[in-house]
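Going down the list, the sequences are from chains A and B.
Heads up: the first sequence begins at 27 in the working numbering, then just goes up one per residue.
Heads up: the second sequence begins at 7 in the working numbering, then just goes up one per residue.
Keep in mind that the hints were calculated from the coordinates and are not lab data.
Remember, it's a predicted structure, so these values are computed and weren't measured experimentally.
Note that the Cβ used here is the ideal one computed from N, Cα and C, for glycine as well.
There's no promise every hint is true.
Some chain B residues flagged as far from chain A (calculated, every beta-carbon gap over 10 Å) [as the list claims (entries may be wrong)]: (1) 44; (2) 91; (3) 196; (4) 233; (5) 243; (6) 264; (7) 364; (8) 390.
Dumping the calculated DMTMM-like pairs for lysine to aspartate or glutamate here, alpha-carbon to alpha-carbon at most 20 Å [what the hints assert, rightly or not]: (9) B:14 to B:267; (10) A:75 to B:33; (11) B:337 to B:395; (12) B:23 to A:64; (13) B:14 to A:83; (14) A:75 to B:70; (15) A:75 to B:11; (16) B:14 to A:51; (17) B:331 to A:83; (18) B:331 to A:56; (19) B:337 to B:349; (20) B:331 to B:70; (21) A:75 to B:12.
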Amino acid sequence: MLALKLGISLNNIKAGGGGGGDPVDTMIADFQSRVTTDGGTTEAAACLKTLLTALNDIS
Amino acid sequence: MTLLDDAKIITTANAGKAGTLYSVKPDSGLADLGITRATTATRVNPSGNIESVAVNEPQLDYSDGSCPSFLVEPQRTNLFTYSTGMPSGGWAGTATYNANTVVGPDGTTTGNLIEDPSGGASVAAYNVMSVSASTTYTFSFYAKRGTMTDMNYSILDMQIFSYIVGVTSFYSQTNSSTWSRISVTFTTNSGTSSVRIYLGNFAGGTGTNFSLWGVQLEEIPSGAHTDPSATSYIPTSGATVTRNRTSFYKTGLSSLIGQTEGVFFLELDFDFNGDYGFISMGANSSNAVGIGATNSSGLWLQALIGGTGLNTFWSSPGYPSGFFKIAIKYKSGDFAAWLNGTEVTTNASITSQAKTWEKIAAGYGTTGSFYFFYGKIRQIQFYDTILTDAQLLALTT
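Based on the provided sequences and hints, a complete structural model is requested.
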């Protein structure tokens, strides 16, 4: 059962590009995927993470 | 819940393509900004090199460091017909030109080595440029130190043979390992029709040299948008080139912008010293909320409700220097603005915002068609409810 749960968790992370993990990482992964699919380019992911993390720290 | 959850629109300078600056939120793409610029342009890329960007492509620019900003510029023309590849384009003088021998800021070998061949009293390259009388121009170029112990520019009025800009050293603004952009703004005299622009070392020095790339002469229009700063590099090769202005505009945002209350947040650097310039959220020609600059007195925050301008002319902080964070909180009877962590103005007399707020524009009016914004943008955010003072403090700090 433990192995099964672990497998499901890892699959979720891989499929979601970070899903189930840090919401900022998930948002960035989804954003990058959408942009790439649309023919655009993304850059400076570290800068974006800093910005979004700051927002995520304000409750 | 955090502000990352609460924000309805988050737009940053992290992704684009021709015609689009992508917004991180919403993920549907509804708030992706439409970008218009009818010509190519240039930017400083993540590697620090200058590169071309396509027509309508946003300039995600790294001039200010390792994180990008969205560059929104006015139309300008480079009046030099050859921005590289000297001595093409009318350059003359006592200097020796070793064209296309130095790797320039764009990573290509298009830089020039300007050398003193004889050790005379002075060495200079010069170019005679046609200009208009009583008009302001900005001359800019990229330079890198070589073996010259000084480097100078000057600008001579060819009608009266008098310096408009005297011999000025730019040596201290340069170094030997990286390219530095130097610029000088000058205004011609009432009878000036041509100027001679000099670059060199007026003290001379046999065999000494420096590197030069990317000369640019821009006319600064009188009146609107008179910020004299050199704009992004405009490459030329045989003719003058005009880079058109950049604008952005997005409509159909009524489901994301708060209709009766909300927060409009920007992190940006205005091009001040210019005309009025706004970024606004709007409903129609009679209803808009704008964050902008006046032509003289400082920041200008405006809530135009029901066709009656409730203006908050806000001049006491002056013009913030460099990038700053600003948020407008709007709700019936509860209007406030926060700048860099301080609540700087409040207004309780706005009684209604019951409009269909659905646009964002780099300008003012129904379609952002006047008071154009120019500057650099790092973030745009919208919330559809007001935030607490603690949240606004944290957001703008």
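Against the structure, the hints:
1. Look at residue 44 (chain B): its CB is around 20 Å from the nearest CB on chain A, clear of 10 Å, so calling it non-interface holds up.
2. The beta carbon of residue 91 (chain B) is kept farther than 10 Å from every beta carbon of chain A, the shortest such distance being approximately 30 Å.
3. Distance check on residue 196 (chain B): its Cβ is at least 48 Å (rounded) from any Cβ of chain A, clearing the 10 Å threshold; non-interface status holds.
4. Separation of residue 233 (chain B) from chain A is adequate, the least Cβ-Cβ distance of about 26 Å exceeding the 10 Å criterion.
5. Non-interface call for residue 243 (chain B) relative to chain A: holds, since the shortest CB-CB distance, roughly 27 Å, exceeds 10 Å.
6. Listed as outside the interface, residue 264 (chain B) is consistent with that label: its C-beta sits roughly 17 Å from the nearest C-beta of chain A, beyond the 10 Å cut-off.
7. For residue 364 (chain B), the shortest C-beta to C-beta distance to chain A comes to about 22 Å, beyond the 10 Å cut-off, and the non-interface label holds.
8. With a closest Cβ-Cβ approach of about 15 Å to chain A, residue 390 (chain B) is found to remain outside the 10 Å limit, as its non-interface label requires.
9. Between the alpha carbons of residue 14 (chain B) and residue 267 (chain B) the distance comes to roughly 13 Å, so the proposed pair stays at or under 20 Å and holds.
10. Between the alpha carbons of residue 75 (chain A) and residue 33 (chain B) the distance comes to roughly 16 Å, so the proposed pair stays at or under 20 Å and holds.
11. In summary, the hint linking residue 337 (chain B) to residue 395 (chain B) is supported, as the alpha carbons are separated by about 14 Å, within the 20 Å threshold.
12. For the hint linking residue 23 (chain B) to residue 64 (chain A), the alpha-carbon distance of about 9 Å falls within 20 Å, and the restraint holds.
13. For the proposed pair residue 14 (chain B) and residue 83 (chain A), the alpha carbon gap of about 17 Å is at most 20 Å, so the pair holds.
14. Between residue 75 (chain A) and residue 70 (chain B), the direct Cα distance comes to roughly 18 Å. Compliance with the 20 Å bound is thereby established for this hinted pair.
15. At most 20 Å may separate the alpha-carbon atoms for a hinted pair to count; residue 75 (chain A) and residue 11 (chain B) meet this at roughly 15 Å.
16. For a cut-off of 20 Å, the pair hint linking residue 14 (chain B) to residue 51 (chain A) stands: about 18 Å separates their Cα positions.
17. The suggested pairing of residue 331 (chain B) with residue 83 (chain A) holds, with an alpha-carbon distance near 17 Å, which does not exceed 20 Å.
18. The suggested pairing of residue 331 (chain B) with residue 56 (chain A) is violated, with an alpha-carbon distance near 26 Å, which exceeds 20 Å.
19. Restraint check for residue 337 (chain B) and residue 349 (chain B): satisfied, since their Cα atoms lie roughly 16 Å apart, inside the 20 Å limit.
20. A distance of roughly 16 Å separates the Cα atoms of residue 331 (chain B) and residue 70 (chain B); the hinted pair therefore holds under the 20 Å criterion.
21. Annotation: proposed proximity of residue 75 (chain A) to residue 12 (chain B) holds, straight-line Cα distance about 17 Å (limit 20 Å).
Hint compliance for this structure: hint 18 is the single one not met.
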